[in-house]
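Protein chains: 2
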Amino acid sequence: MTQIRFALAQIDTCVGDLDANTAKIRDYAHRAAQGGARVVAFPEMTLTGYPIEDLALRATFRRAAWDKANALAADLAADGLSDLYVAVGTVGTDHDSDKPRNRMVILHDGVVWARYDKHFLPNYGVFDEARIFSAGPGAMAFDVDGVRIGVAICEDIWQDGGPVAELAAQGVDVLMTMNGSPYEEGKTHVRRDLAARRAAEVDAPLIYVNQVGGQDDLVFDGGSFVVDRDGATVTRAPMFMEHLGFFDLDTDAAHQSAGEIAPDMDPDEEVYTACVLGLKDYMAKNRFRGVCLGLSGGIDSALVAAMAADAVGGANVQGISMPSMYSSDGSKDDAADLAANLGAAYDVQPIEPLFVAYQNQLDLDGVAAENLQARIRGVIVMAYSNAKGLLALATGNKSELACGYSTIYGDAVGGYAPIKDLLKTRVWELSRWRNRAATAGMGIGGLHIVGNERGDAGTPLPDGVMIPVNSIEKAPSAELRPGQKDSDSLPEYDLLDRVLAAYIEHAHGRADLLADGFDERTVDTVMRLVDRAEWKRRQYPMGPKVTALAFGRDRRLPVTAAFRE
Amino acid sequence: MTQIRFALAQIDTCVGDLDANTAKIRDYAHRAAQGGARVVAFPEMTLTGYPIEDLALRATFRRAAWDKANALAADLAADGLSDLYVAVGTVGTDHDSDKPRNRMVILHDGVVWARYDKHFLPNYGVFDEARIFSAGPGAMAFDVDGVRIGVAICEDIWQDGGPVAELAAQGVDVLMTMNGSPYEEGKTHVRRDLAARRAAEVDAPLIYVNQVGGQDDLVFDGGSFVVDRDGATVTRAPMFMEHLGFFDLDTDAAHQSAGEIAPDMDPDEEVYTACVLGLKDYMAKNRFRGVCLGLSGGIDSALVAAMAADAVGGANVQGISMPSMYSSDGSKDDAADLAANLGAAYDVQPIEPLFVAYQNQLDLDGVAAENLQARIRGVIVMAYSNAKGLLALATGNKSELACGYSTIYGDAVGGYAPIKDLLKTRVWELSRWRNRAATAGMGIGGLHIVGNERGDAGTPLPDGVMIPVNSIEKAPSAELRPGQKDSDSLPEYDLLDRVLAAYIEHAHGRADLLADGFDERTVDTVMRLVDRAEWKRRQYPMGPKVTALAFGRDRRLPVTAAFRE
Numbered sequence: 001m002t003q004i005r006f007a008l009a010q011i012d013t014c015v016g017d018l019d020a021n022t023a024k025i026r027d028y029a030h031r032a033a034q035g036g037a038r039v040v041a042f043p044e045m046t047l048t049g050y051p052i053e054d055l056a057l058r059a060t061f062r063r064a065a066w067d068k069a070n071a072l073a074a075d076l077a078a079d080g081l082s083d084l085y086v087a088v089g090t091v092g093t094d095h096d097s098d099k100p101r102n103r104m105v106i107l108h109d110g111v112v113w114a115r116y117d118k119h120f121l122p123n124y125g126v127f128d129e130a131r132i133f134s135a136g137p138g139a140m141a142f143d144v145d146g147v148r149i150g151v152a153i154c155e156d157i158w159q160d161g162g163p164v165a166e167l168a169a170q171g172v173d174v175l176m177t178m179n180g181s182p183y184e185e186g187k188t189h190v191r192r193d194l195a196a197r198r199a200a201e202v203d204a205p206l207i208y209v210n211q212v213g214g215q216d217d218l219v220f221d222g223g224s225f226v227v228d229r230d231g232a233t234v235t236r237a238p239m240f241m242e243h244l245g246f247f248d249l250d251t252d253a254a255h256q257s258a259g260e261i262a263p264d265m266d267p268d269e270e271v272y273t274a275c276v277l278g279l280k281d282y283m284a285k286n287r288f289r290g291v292c293l294g295l296s297g298g299i300d301s302a303l304v305a306a307m308a309a310d311a312v313g314g315a316n317v318q319g320i321s322m323p324s325m326y327s328s329d330g331s332k333d334d335a336a337d338l339a340a341n342l343g344a345a346y347d348v349q350p351i352e353p354l355f356v357a358y359q360n361q362l363d364l365d366g367v368a369a370e371n372l373q374a375r376i377r378g379v380i381v382m383a384y385s386n387a388k389g390l391l392a393l394a395t396g397n398k399s400e401l402a403c404g405y406s407t408i409y410g411d412a413v414g415g416y417a418p419i420k421d422l423l424k425t426r427v428w429e430l431s432r433w434r435n436r437a438a439t440a441g442m443g444i445g446g447l448h449i450v451g452n453e454r455g456d457a458g459t460p461l462p463d464g465v466m467i468p469v470n471s472i473e474k475a476p477s478a479e480l481r482p483g484q485k486d487s488d489s490l491p492e493y494d495l496l497d498r499v500l501a502a503y504i505e506h507a508h509g510r511a512d513l514l515a516d517g518f519d520e521r522t523v524d525t526v527m528r529l530v531d532r533a534e535w536k537r538r539q540y541p542m543g544p545k546v547t548a549l550a551f552g553r554d555r556r557l558p559v560t561a562a563f564r565e
Numbered sequence: 001m002t003q004i005r006f007a008l009a010q011i012d013t014c015v016g017d018l019d020a021n022t023a024k025i026r027d028y029a030h031r032a033a034q035g036g037a038r039v040v041a042f043p044e045m046t047l048t049g050y051p052i053e054d055l056a057l058r059a060t061f062r063r064a065a066w067d068k069a070n071a072l073a074a075d076l077a078a079d080g081l082s083d084l085y086v087a088v089g090t091v092g093t094d095h096d097s098d099k100p101r102n103r104m105v106i107l108h109d110g111v112v113w114a115r116y117d118k119h120f121l122p123n124y125g126v127f128d129e130a131r132i133f134s135a136g137p138g139a140m141a142f143d144v145d146g147v148r149i150g151v152a153i154c155e156d157i158w159q160d161g162g163p164v165a166e167l168a169a170q171g172v173d174v175l176m177t178m179n180g181s182p183y184e185e186g187k188t189h190v191r192r193d194l195a196a197r198r199a200a201e202v203d204a205p206l207i208y209v210n211q212v213g214g215q216d217d218l219v220f221d222g223g224s225f226v227v228d229r230d231g232a233t234v235t236r237a238p239m240f241m242e243h244l245g246f247f248d249l250d251t252d253a254a255h256q257s258a259g260e261i262a263p264d265m266d267p268d269e270e271v272y273t274a275c276v277l278g279l280k281d282y283m284a285k286n287r288f289r290g291v292c293l294g295l296s297g298g299i300d301s302a303l304v305a306a307m308a309a310d311a312v313g314g315a316n317v318q319g320i321s322m323p324s325m326y327s328s329d330g331s332k333d334d335a336a337d338l339a340a341n342l343g344a345a346y347d348v349q350p351i352e353p354l355f356v357a358y359q360n361q362l363d364l365d366g367v368a369a370e371n372l373q374a375r376i377r378g379v380i381v382m383a384y385s386n387a388k389g390l391l392a393l394a395t396g397n398k399s400e401l402a403c404g405y406s407t408i409y410g411d412a413v414g415g416y417a418p419i420k421d422l423l424k425t426r427v428w429e430l431s432r433w434r435n436r437a438a439t440a441g442m443g444i445g446g447l448h449i450v451g452n453e454r455g456d457a458g459t460p461l462p463d464g465v466m467i468p469v470n471s472i473e474k475a476p477s478a479e480l481r482p483g484q485k486d487s488d489s490l491p492e493y494d495l496l497d498r499v500l501a502a503y504i505e506h507a508h509g510r511a512d513l514l515a516d517g518f519d520e521r522t523v524d525t526v527m528r529l530v531d532r533a534e535w536k537r538r539q540y541p542m543g544p545k546v547t548a549l550a551f552g553r554d555r556r557l558p559v560t561a562a563f564r565e
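Keeping their order, the protein sequence lines are chains W and D.
Residue 518 in UniProt numbering sits at position 518 of the first sequence, and the numbers go up by one each step.
Residue 153 in UniProt numbering sits at position 153 of the second sequence, and the numbers go up by one each step.
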């Protein structure tokens with residue numbers, strides 16, 4: 001009987017931070033060895049972080065990553081771990097084309113002992129890998145104690161043919177994959193079904209190690225797992241936190257024995273936690289300790305404030321109430337109640353004196369006067385950000401961003417927008433979920449994410465309700481003129497969000513939307529709003545390219561990594 | 001002797017505007033036929049505009065383009081042009097993969113008579129074509145009056161092998177290419193050398209028809225040409241304007257006779273004109289009639305105002321002087337003089353009362369107080385934009401954008417930034433060039449761009465100088481505190497710009513920069529500034545992706561076209 005123990009090291013890396021990433025890999029390799037593992041697998045591009053975008057094109061960066069991989073192999077041997085097989089992701093160079101490669105290296109015996117280059121390069125959605133990397137030529141497998149281990153990197157298992165088909169033809173005892181698969185709602189099951197299909201194809205268990213953590217606009221959810229050759233889940237790591245799991249492969253057994261299996265998360269909890277982790281990591285990786293945001297008493301800013309409190313603690317949240325002559329008393333109370341529930345700092349900065357000062361000079365009316373109010377608030381939020389070194393949070397949701405129902409340089413101000421991918425109806429659902437969780441005893445900071453432990457209830461809430469019920473239940477209003485309601489300008493959110501989900505999230509065209517049963521007037525209104533709002537969503541000014549390399553479309557670097565190389 | 005006349009239709013299209021593009025094609029086809037042409041070639045993706053980014057992925061859009069191509073073929077026949085061969089670019093569909101194709105169709109005899117799909121798909125710099133299109137399988141040639149015409153689309157001639165190599169092996173009498181090749185400084189010669197190389201490869205003349213006009217961040221410069229088999233230029237169209245040129249191919253002649261050859265432009269004139277055309281087309285295609293911008297008396301806003309006056313006339317430029325307690329009298333005078341020279345509307349909006357109103361509440365100091373001044377100005381500029389329906393222009397140059405030496409939501413405010421790709425030293429050079437041109441009699445609107453005629457001197461300038469000499473010659477200052485100079489925070493521009501050109505425009509890494517002879521301290525300062533400023537340049541808030549399709553990295557639509565489908 002051949003038995004061999006694998007460790008699944010689900011870690012959170014930072015793009016470009018070779019030193020910190022290497023230190024973490026070394027630490028997890030030690031823990032894997034202490035746990036009896038012969039082989040430890042890390043996520044895709046562990047050493048460099050992922051996705052590294054055009055950082056891959058810098059020869060100096062690739063050289064530094066190569067040196068680091070060699071130094072790490074030597075350090076592991078010096079630590080007495082030369083017997084361990086450590087599968088780490090990094091960037092390589094294809095010396096024929098001088099193009100970068102998305103690479104797995106096996107560190108063993110003090111050296112970079114083997115390597116494999118990703119073959120299928122995703123080039124859709126958030127991925128631009130065909131732009132950056134050249135494709136590896138084919139499959140790689142290696143033997144440990146007589147066990148044949150085939151490898152693959154992420155997209156390699158999403159497309160038919162290629163390395164997995166080659167490995168199936170050769171025969172392997174296990175397929176070990178490293179992944180940088182970003183979170184999206186419902187993807188857990190898609191991944192698991194896919195893995196089951198590939199396990200059947202190679203007729204062997206499949207190990208799926210995924211990255212965890214936030215990187216700019218992306219959140220990686222972890223949830224690493226092993227499926228057996230028949231598709232049964234053998235082990236599964238929790239989502240949204242770092243984790244070291246183990247899997248004992250028995251090559252003689254028809255079926256592998258099950259290990260720890262983390263339960264599925266509630267769908268609302270899952271999305272809420274993704275948003276919190278994205279914010280928490282954006283702050284940590286860019287070295288922000290606190291946030292500031294406008295608290296209007298409305299539901300969007302309330303949910304964002306709750307997420308921020310969960311990410312970094314209420315004491316690191318600066319709420320700013322900026323009432324105008326059109327703000328209702330209820331709104332002001334709701335904002336104050338929320339800040340008290342979160343234990344957040346809370347200032348009131350009335351905007352009327354500033355509005356009057358501008359109007360003395362400018363005498364605006366209509367939309368220009370409405371935007372002026374939002375922009376005065378933007379200036380105040382940025383003043384707090386600059387004066388106190390806080391990250392300004394934008395509180396816009398996906399429905400209003402989609403329709404352009406926001407003021408550029410006004411409420412759209414901020415370095416990070418935690419709910420920009422949540423439709424308004426989802427904002428309500430998550431707010432209700434968070435209140436239920438608070439009632440059930442999960443206070444601030446009790447979430448299940450990197451750096452927290454599940455079951456830690458965090459700071460208890462005064463009465464078990466985080467977000468004032470009134471903020472959830474009142475009709476949405478921008479309060480920029482008397483009696484204003486969102487529904488004056490937009491279809492009711494219940495309808496709007498269904499059209500937006502179809503048009504944006506499922507990419508239905510006009511004919512498809514009509515076939516979906518939406519009425520023509522609504523479809524045309526929503527399409528017109530969404531299409532016109534494109535420049536506002538992109539927000540940075542356009543400008544002519546006149547040199548070989550201009551900022552913008554030419555040069556694409558991760559925001560978070562920019563100062564790390 | 002076989003002689004055949006080609007027309008080169010160098011036109012300006014708008015992405016997504018199928019109706020207007022088709023009408024223009026029809027008009028040029030008529031003019032080509034009147035000029036005796038048998039074949040007329042248009043630029044890449046003429047019918048749809050270019051680049052259409054993810055608009056290509058919408059099946060409804062592809063269907064509409066297909067219907068339009070067929071209707072156009074029928075209309076041309078109904079107009080009595082069924083004998084003409086009209087080569088038009090459009091989007092197609094690969095029915096095997098259901099992916100879009102970058103396609104040339106030959107309209108003839110009332111139908112879509114032949115087609116060719118682009119084989120090499122550029123996927124670097126500003127291009128993402130491998131993301132969007134599938135590659136056409138191979139070469140296409142067709143016969144007209146016994147003349148064999150091979151075709152290619154843009155990137156097809158930039159890479160070795162593929163369709164051009166196939167055509168060389170088959171033998172053709174002429175290689176006719178349609179292009180969407182964006183402007184960059186010095187590219188004219190690169191294109192011409194490349195074309196000469198390909199003409200030699202197929203041993204036949206090469207026709208190069210290029211798009212002209214601005215589209216979002218890109219400017220297409222036209223400059224269509226024909227090179228003979230020995231690389232000699234046979235004809236060349238002017239840059240930056242629409243043009244219909246003709247070329248008579250004589251298949252029996254060893255060398256073709258030369259036609260009209262537009263002279264090369266002065267390098268400063270070329271870059272200046274590219275910036276003006278980019279702005280002019282951005283405005284026209286987004287239906288803006290006028291612009292507003294802050295006039296500080298400094299050189300950046302002066303140059304931008306001059307460009308705007310050249311683009312849409314001084315009467316459509318709203319200058320806003322927003323002096324603070326730190327603004328010098330000289331600056332205020334220079335701003336007023338500039339506005340007078342341009343015939344621009346000019347308002348003075350002192351910011352001190354507003355600054356005092358904010359400070360009563362916020363009591364800021366240091367950088368926060370400096371940014372406050374810039375943001376008050378941003379609010380005022382946007383108030384003019386909203387109240388009068390004007391496009392707000394951002395006046396930042398590439399040096400300050402690169403180093404983050406600007407205030408986000410302050411001076412960075414605007415929908416279009418005409419000089420965002422010009423280093424500061426280039427801003428000075430172009431300002432001096434524009435004054436020389438004014439002295440030489442070229443008034444406002446006398447530029448050589450789409451919609452203007454060369455030699456039209458435009459509105460004469462009062463004293464032949466457009467930009468106040470003082471704005472050009474004084475030491476640059478943001479004037480946000482007493483005695484402030486840019487050189488307090490940045491290396492001198494002369495040095496800074498050389499480092500930036502090497503680091504950004506030529507992608508040199510740290511080791512390369514040291515080898516270039518720059519001192520270590522300067523290199524590290526500049527790299528740190530540039531890398532840290534990444535988020536400010538991108539400016540829109542980051543936010544977690546939680547759905548299948550989120551705004552941002554997932555969904556990439558042209559700004560200009562967004563409301564046209």
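What the hints contain is simulated information worked out from the structure, not anything from laboratory work.
Do not take every clue at face value.
For chains that are exact copies, the list does not tell them apart, and a pair is met inside one copy or across any two.
Derived lysine-lysine pairs resembling DSS-like cross-links, with alpha carbons at most 30 Å apart [to be verified]:
{"no.": "1", "residue 1": "Lys536", "residue 2": "Lys388"}
{"no.": "2", "residue 1": "Lys388", "residue 2": "Lys485"}
{"no.": "3", "residue 1": "Lys388", "residue 2": "Lys99"}
{"no.": "4", "residue 1": "Lys99", "residue 2": "Lys68"}
{"no.": "5", "residue 1": "Lys485", "residue 2": "Lys332"}
{"no.": "6", "residue 1": "Lys388", "residue 2": "Lys474"}
{"no.": "7", "residue 1": "Lys187", "residue 2": "Lys68"}
{"no.": "8", "residue 1": "Lys99", "residue 2": "Lys536"}
{"no.": "9", "residue 1": "Lys99", "residue 2": "Lys332"}
{"no.": "10", "residue 1": "Lys99", "residue 2": "Lys485"}
{"no.": "11", "residue 1": "Lys24", "residue 2": "Lys474"}
{"no.": "12", "residue 1": "Lys474", "residue 2": "Lys332"}
{"no.": "13", "residue 1": "Lys485", "residue 2": "Lys474"}
{"no.": "14", "residue 1": "Lys187", "residue 2": "Lys332"}
Everything numeric in this text was worked out from a predicted model, so none of it was measured.
Which holds for Lys388 with Lys99 at a C-alpha limit of 30 Å: within a copy, between copies, both or neither?
Intra 43 Å, inter 50 Å, cutoff 30 Å: neither.
Please work out whether the CA atoms of Lys485 and Lys474 approach to 30 Å or closer within one copy, between two copies, in both situations, or in neither?
Close inside one copy (10 Å), not across copies (51 Å); limit 30 Å.
Check Lys388 against Lys474 for me: Cα-Cα at most 30 Å, and say if that holds within a copy, between copies, both or neither.
Neither. Shortest intra-copy (33 Å) and inter-copy (35 Å) distances fail the 30 Å Cα cut-off.
Checking an output row: Lys24 and Lys474, CA cutoff 30 Å. Within, between, both or neither?
neither (47 Å within a copy, 53 Å between copies)
With 30 Å as the alpha-carbon cut-off, assign the pair Lys388 and Lys485 to within, between, both or neither.
between (34 Å within a copy, 25 Å between copies)
Should Lys99 paired with Lys485 be assigned to within, between, both, or neither, using CA atoms and 30 Å as the limit?
neither (54 Å within a copy, 43 Å between copies)
My question is about Lys99 and Lys68: at a cut-off of 30 Å on alpha-carbon distance, are they close within one copy, between copies, both, or neither?
within (19 Å within a copy, 41 Å between copies)
Regarding Lys474 and Lys332, is the shortest C-alpha distance of 30 Å or less found within a copy, between copies, in both, or in neither?
within (13 Å within a copy, 50 Å between copies)
Given a CA cutoff of 30 Å, do Lys536 and Lys388 count as a within-copy pair, a between-copy pair, both, or neither?
both (28 Å within a copy, 18 Å between copies)
Regarding Lys485 and Lys332, is the shortest C-alpha distance of 30 Å or less found within a copy, between copies, in both, or in neither?
within (17 Å within a copy, 43 Å between copies)
Up to 30 Å CA-CA - Lys332 versus Lys99, copy category
neither (57 Å within a copy, 52 Å between copies)
Within, between, both or neither: how does the pair Lys99, Lys536 come out at a Cα-Cα threshold of 30 Å?
between (35 Å within a copy, 29 Å between copies)
The structure does not agree with the numbered hints 3, 6, 7, 9, 10, 11, 14 stated previously, though it agrees with the rest.
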